[in-house]
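Peer 1: With numbering that gives the first Met the number 0, the residue at position 60 of the sequence shown is 59, and numbering never jumps.
Hint data in this document are derived by calculation from the structure and do not stem from the laboratory. Since the model is a prediction, treat every value here as computed from it, not as a measurement. Wrong hints could be hidden among the right ones.
What the hints assert, rightly or not - Derived lysine-lysine pairs resembling DSS-like cross-links, with alpha carbons at most 25 Å apart:
#1 Lys218 to Lys231
#2 Lys231 to Lys200
#3 Lys297 to Lys287
#4 Lys89 to Lys79
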Amino acid sequence: MGQNETHIRNTMDARGCSWEDPHVTLGDVKGNGTCVIREGFNVTLTPYHDICNHTISIPSAPGFEYILRSPRGTWFACMKDITPCVSSTKFSSICILVHILPQIYLFRGTEGRAHLLGTRRSHRAVPILIPLLIGLGFAGSAAIGTAGLITSHQNLRNLEVLIDADLRHLTASITTLQDQVDSLAEMVLQNRRGLDLLFLKERGLCAALGETCCFYANKSGVVRDSLALVRKNIEEREKNRQASESWYQRMYTWSPWMTALLSALAGPVILLFLGLLVGPCILNALVKFVKQKISEIKILALRRTYAHLDTDETESRI
């Protein structure tokens, strides 16, 4: 994306420009922006003259390096690559000041490591409540996803039923049309036989007209066989649907909203059941652990209160 900037900072420090590093190539530029050209270069001869709203010319003086640094967040898009700086000694012909979308940042050496370490440290400080919320979220998402899959499957089955119903209507309509064609053909053939009897002395209708006789080829049997095959396939699909339909799908057909509600509540209910099942065991283990620690603390307190008797000294006194 082209960027307009009339004041671009000139610097003598080339550090951070990194011309030797590989750059991301830029195929085309959208919009208008500021163009930086070599002194004496004709912009009108390039295909970029419509993009340049403002032009900055870099003087070329022997023994002197003139460097332009792009503002923060922008780049110079040149003929073959992009660069953060433009130098009079390493400059070819024309560069355009652009914004790159999405924004790209290049890190070198320790800067990249520091950026990655900072990202990792920020992810380490996670509250303890987060895993519980994530677990509940996963359970709810799984339940909603299951309900969505079942709903989509049921919608596909409903669509298949509607398609089969439409095919039945089409086959019935085609059968009716075929019956009409057969009836019309029988009527035409009957009229043909009557005309042949009328023109019997002239050896038939075709001889009387002096034309070649036409014959009717009845292929209605092929159409009827195809329609019978379509009906057979529809009946087989209907039987397969009824055989593969589970009790859950039958319940969904009976009450879709109840099935969706049960699917949404299934995950939290299962987690609650597992918590009630395993929770007492964990609580008992925790209570035993606390009692053990309290007993150890009491023993330590008693040992500090009462000193041990010297066995040899006691026996001598007795």
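Peer 1: What are the numbers of the hints that this structure violates, sorted from low to high?
Peer 2: Hint 2 is the one this structure does not satisfy, whereas the remaining hints hold.
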